[in-house]
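J.: What follows is each chain in one-letter form.
Protein chains: 2
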Amino acid sequence: MLCLKTSTNSGWIDVAAANMPAIMRDHAHCEKKAALNALNLIMRYPDKTELVREVITILEEETAHFKLMVGELAQRGLNLGLDKGNPYAQQLSSVVSKQEPMRLLDLLLVDCLIEARSCERFTLLAASEAIPPDLRGIYHSLMASEEGHFMTFVEIAKTYFPHDVVDKRLEEISDLEANIVRSLTNQPAMHG
Amino acid sequence: MLCLKTSTNSGWIDVAAANMPAIMRDHAHCEKKAALNALNLIMRYPDKTELVREVITILEEETAHFKLMVGELAQRGLNLGLDKGNPYAQQLSSVVSKQEPMRLLDLLLVDCLIEARSCERFTLLAASEAIPPDLRGIYHSLMASEEGHFMTFVEIAKTYFPHDVVDKRLEEISDLEANIVRSLTNQPAMHG
Numbered sequence: 001m002l003c004l005k006t007s008t009n010s011g012w013i014d015v016a017a018a019n020m021p022a023i024m025r026d027h028a029h030c031e032k033k034a035a036l037n038a039l040n041l042i043m044r045y046p047d048k049t050e051l052v053r054e055v056i057t058i059l060e061e062e063t064a065h066f067k068l069m070v071g072e073l074a075q076r077g078l079n080l081g082l083d084k085g086n087p088y089a090q091q092l093s094s095v096v097s098k099q100e101p102m103r104l105l106d107l108l109l110v111d112c113l114i115e116a117r118s119c120e121r122f123t124l125l126a127a128s129e130a131i132p133p134d135l136r137g138i139y140h141s142l143m144a145s146e147e148g149h150f151m152t153f154v155e156i157a158k159t160y161f162p163h164d165v166v167d168k169r170l171e172e173i174s175d176l177e178a179n180i181v182r183s184l185t186n187q188p189a190m191h192g
Numbered sequence: 193m194l195c196l197k198t199s200t201n202s203g204w205i206d207v208a209a210a211n212m213p214a215i216m217r218d219h220a221h222c223e224k225k226a227a228l229n230a231l232n233l234i235m236r237y238p239d240k241t242e243l244v245r246e247v248i249t250i251l252e253e254e255t256a257h258f259k260l261m262v263g264e265l266a267q268r269g270l271n272l273g274l275d276k277g278n279p280y281a282q283q284l285s286s287v288v289s290k291q292e293p294m295r296l297l298d299l300l301l302v303d304c305l306i307e308a309r310s311c312e313r314f315t316l317l318a319a320s321e322a323i324p325p326d327l328r329g330i331y332h333s334l335m336a337s338e339e340g341h342f343m344t345f346v347e348i349a350k351t352y353f354p355h356d357v358v359d360k361r362l363e364e365i366s367d368l369e370a371n372i373v374r375s376l377t378n379q380p381a382m383h384g
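Those protein sequences? They're chains A and B, same order as listed. Mapping of the first sequence onto the numbering used here: position 11 corresponds to residue 11, and the numbering continues sequentially without gaps. If you count the second sequence from 1, you need to add 192 to reach the numbering used here.
The shape of chain A in the complex, shown without the other chains:
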């Protein structure tokens, strides 16, 4: 599924379902950071017309998801609270080259894999009977959007790099992503 080379540990969904306030907060922060990543890509590559056009739409959607989740938190009497960071995304980002043009390719493919992993986790949240139906419905609706973002990042990469170069680097980074996921300890976080 979605170029992911390993599935999330089977124990994560139980930890998540038992800690929904923490999952909701962390998810809201993930949407915020996805919006920030989109802005950063645009700021770094403002002369790349196709990238700017596609990433603005992603920015718009991540912003809408962020607003949605902050609203869901508020409905439950919860605030956004502090961002506890995302060790998974930090580890994955360590693969990004410091040199252009590989830096652009790596940034796009790391974003792509984070979206793919988020999509897999939304699938788990949407299917869990331990999670309230209204929240399951929200996660179900977000699955399609995140899958779309995953594909958009690959398509942007293939606008600027040969397809075989993109495919080979995606293989490499998805191996690393799988290793990181295998090392996770089922924390109550979107990528925990």
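It is possible that part of the hints are untrue.
As the list claims (entries may be wrong) - Quick look at which bits of chain B chain A covers, simulated, 3 or more residues with Cβ under 8 Å: (1) 223–229; (2) 255–264; (3) 271–279.
Treat the hints as calculated values from the structure; they're not laboratory data. Just so it is clear, CB atoms sit at the ideal spot from N, CA and C, and this is done for glycine as well.
Starting from the known structure of chain A, fit chain B onto it as the hints suggest.
T.: Chain B alone, transformed into the frame defined by chain A:
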């Protein structure tokens, strides 16, 4: 108007109308930076529920304006291009206190004044017969939104600070803003 203590130099609108591609690009970058400012406020104050709620709506609107203007550039065969910076906003931001809680108040009031000045300049662009009617229509539609943001930033400030403290500091920062505007040399930029 809008707490601004001086009007834009009368020569600016002619320079702007004669350089619309530069104005449109600079305006798109302003919307992008307004979205980034909104995200930065949320990241700095995630435990302030009212601020987060109000600023997410601003983020959403600035993102929509950014997308609109990048689309208008594309329709004219123009890309976003490099961000040439905004000396006006940089000078104004130098007033921001390094110490909380004054830092929050200053950040909100600087954003408020930038929105107010943008609103004044949209009014000039919307009224200029030297500018194509479709663009004048867009600037007219943006006036109301930026005026709304101006007021929202003051309202957020008054949620967290005594009204007289907010009013006094807004007086001080708007004096500085007027001095900066008087020193501008009619460059082809939104705040030039």
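J.: Indicate, hint by hint, whether the structure satisfies it.
T.: Hints, verified against the model:
{"no.": "1", "hint": "223–229", "result": "holds (count 3)"}
{"no.": "2", "hint": "255–264", "result": "holds (count 5)"}
{"no.": "3", "hint": "271–279", "result": "holds (count 5)"}
This entry satisfies every hint, going by the numbered hints stated previously.
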